[in-house]
Amino acid sequence: MASRKTPAAGDMLQGTLDMLILRTLVMGPAHGHTIAQVIEHTSENALEVEQGSLYPALHRLEDRGLLSSAWGVSENNRKAKFYSLTARGRKHLIAETSRWRQMTRAIGLILGEPAE
Amino acid sequence: MNLHRFTEREKKDADLAEEIESHLAHEQDTNADRGLEPEEARRQARLKFGNPLTVREGVWRYRSLPWVDDIWRDFRFVLRSLAKTPGFAAIAILVIAVGIGANTAVFSVINAVLLKPLSYPDPQSLVQLRNLNPHGSNPGSSVPKFNIWHQQSSVFQYVAGYDQGGAGLNLTGGNDPEQVQGIHVTADYFRLFGAPILAGRTFTAAEDSPNGGHVVVLSYGLWKRRFGGNSKIVGSTIQLEGQPYLVVGVIGRGFVTEPAGDLWLPYQFDLTTQDQAHYFFTAARLKPGVTLPMANAQLKLAADQFRRVYPAGILGPQDSFGVVSLQEAIVGDTRTSLLVLLGAVGLVLLIACANVANLLLIRATARKRELATRAALGAGRGHIIRQLLTESLVISLSGGLLGLILGVVGVRVLLAVGPAGIPRIGEDGSAVTLDSNVLLFTFGVSVITGILFGLLPAIGASHPNITTTLNESSNRSGVGFRSGKLRSLLVISEMALALVLVIGAALLIRTFLKLQAVDPGFETRNVLTMTMAISAPRFQQTLGVAQVIHDGTERLNAIPGVVTSAASCCLPLQGGFGLPFDIVGRPKGSDRWTGGGGYDSVSWSYFDTFKIPIRRGRSFTEHDDGSAPGVVIINEALAKQYWPKGDPLKDRLLIAAGVGPAFADPPRQIIGVVGDVHNGSLEENPFPMMYVPVAQMPDKMTALNSRIAPLWWIIRTQVEPHTLIKPISAALRDVSGGLPVAHVRSMDEIVILTTSRQRFNMLLLTIFGASALLMAAIGIYGVMAYSVQQRTQEIGVRMALGAQVGNIRNMVVRQGMTLALIGVVLGVGGAFWLTHFIAGFLFGVKAWDPMAFIATPLLLSMVALLAVWIPARRATRVDPMTALRFE
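Chains as they are written, first to last, in my numbering: chain A, 55 to 170; chain B, 833 to 1719.
Bound-form chain A, shown alone (with noise of 0.2 Å):
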């Protein structure tokens, strides 16, 4: 019965979570190995979660229409659920990268660091 609110630092966190989700599988479709894997990299190991955290975003990503999963053979000839990006997700990155460059730009401005 019990509902914890999630904070709203975590909000944040997911919807950042999402996007770089989103951004790993622009490059093609990746199975969730993958996908942890090329996150912990490219984020410079900032995002220190457990890797298991991915799924239920996945999930939710796939539930919303942004992304599509089939199950495959990987490069390690094991069986995996590959996911990749649907239209919709490609067009909600686009959306989403640009609000998030706007963001950061402003921010940036408040700041006082010069425009790039």
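Derived by calculation from the structure, the hints in this document are not laboratory data.
No residue lacks a Cβ here, since even glycine has one placed at the ideal position from N, Cα and C.
Errors might be hidden in some of the hints.
[What the hints assert, rightly or not] Output of the computed footprint for chain B on chain A, the stretches with three or more beta carbons under 8 Å from beta carbons of chain B: (1) 110-117; (2) 147-157.
[As the list claims (entries may be wrong)] From chain A, some residues computed to sit far from chain B (all C-beta separations above 10 Å): (3) L71; (4) S122; (5) A160.
Start from chain A and add chain B according to the hints.
Same frame as chain A, now just chain B:
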């Protein structure tokens, strides 16, 4: 989307488990590549992943709909617990079903009569034109009034006159003549009501003017039934009263008039007439944007205009014109009577709720330990309330479903058994149907009911003192003071509500009995009546009507079993025409007429046949015909009013002077005074009456009469009147040249019909009152029986200490009767106030009738005593030894 996620979650979870396994395998591979031992590689992979179960749970929860889960769990729990106590479940559901069934039945009638809009397009803008006077309003229209109303084009889009097809027409041609309802209408009628035209057209203005020819528009029903739905009928002729009528059109299905008609004929008014007779109705469609007050204001001006144009006295200075919505005009005073019934049936449901609430309280007490255990195991208060409410809702919704069936069947049975004379319900209540309104009502009432009877017990049970309850050693944890008090309150209100209902029922029963005891002024037994439509041309003259009455009477009297027979324009108890009169030679001051009264044209044997006593003078004879001097007979009411001391037989009456050319009539000698007859209805006092021989009617009046009303035949028989229907109708058809008869009823049946509204109300309220009484009795019995059971131990101790059997019994009776009597006192108070609402339905009984207000509380107290007596007796049979050992 959500639901889909919810239903697929089992499959998805398995999928996720496999996916996680795959992830771990990949990570293990990676680790192994770095040179780790397989076991260590596996461990590291798991470490990095986190708890797979948490991940799966997270996804699972995200896919679930928490409330659906909870309610489903509660629901299964409730079903189990109800199945364990089938007796409780059955009684509770049945009580609620009776309550909801009664409400559904009454509501389905209200839905058909009051709520469903009229079936015409844009029904809100349809109005009926009325004559307003200081006492109220009535819908009669005369041609001059119609004319003025028709001119008010600033507020009305269409204005049309119509009648209710009273006379009936004989559809002849072919082997099988048939009497049909022909409604006379003016040309705009169909446009006004937006009638769909299936074939042909409706009347033109030329056809709806004097000498417009014989044209007719058929209804869908008649067209299908009689003419086989042949669309070639348009343009051909049919035979009405032996006359050819050109069919110009057929109206589409679904166009229903109130009352229903088979065909329409043009009224063909002579709009220049000064004829002031009121013999039809007028409806209008308001122009878009015109409101009722605007129309009423305009009609007030129209009344002034009318007074300027026509002689003084026709429209009094106090009188005016106005409109009411057509639906209101059709529904009339049925509204109040239906709303009273709804109120009464609502009280029944309240009592049912109180009863079930009581049962639930008792059940909650018995389940105290169970609930306390659940609370101790961590169930929140809200959770327990929700679970108990789910239980009440399961009961009330099951009851509602059963009630729906009961109600739908019940209303059919009721309308079949007691025709109520309710407008708009169609033939035998066929318009009372189960539609979404009724379903929604029943569902809504079920839910509200469930919350109503479930909430109090649920809240009461939801804050148990866990430790004390769990520590109590026995399963008879005593009647908690709180819930005991609550139950007493419920029983008191049940008694009070039941008393209100039973008093209402008693008042209506008394009304009905008083009505039955009214002497109608004539002998109703062994009298058969029937109508004959006489709109054929030969009946437009007095001689033709007199002839058929003469021949018919002769033939009827020859039938074995017939005592006497007569004919008239109207029957007692059904109202009739009224006209003003002057007493020749008596000054009338500034008044236009000396007075007024009912006006019946009757054949010479009318008083004989009805056994109406001749108080003074003589009755009519066959010789009082057109060639004899004009005569009139008055009733005692008229004699008393206008000759309080003098002798009416010396005077002459000039009837309807100046009302219009159709009514021109020389003065008539008063030749007799007859006993009063209830002409309007049994409730109304007999009003002043004039009787004129049919054979002496002015021709023009006969013509008007024949057009708007049928001829009534009245036959007094020696034997059961219905056994003679066949020879009588054969004889009448024979003498009239093949005219059929219709509306064949005995006078006894007509008496029953005229009191059908009262009978219906009485029947319903008696059923409601009786069920309320029964429920209240069960309620008080239940509380006392339970209290005795709970106190077995205490009673045992009392008896062991020497209390007498009588003491114990009196103690229980006293407690029960205290509750009952408080309820009775409150109920009497409530009834004093509430019975004013039914004052309008009462006859010969005051709303605070002492009989009802004394007898009913006595009856209720006796029933309560009986209900209390049984548990009291049981208390006295408690064996002290068993009771004490039980601990």
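Hint check against the structure, violated hint numbers in rising order: 2
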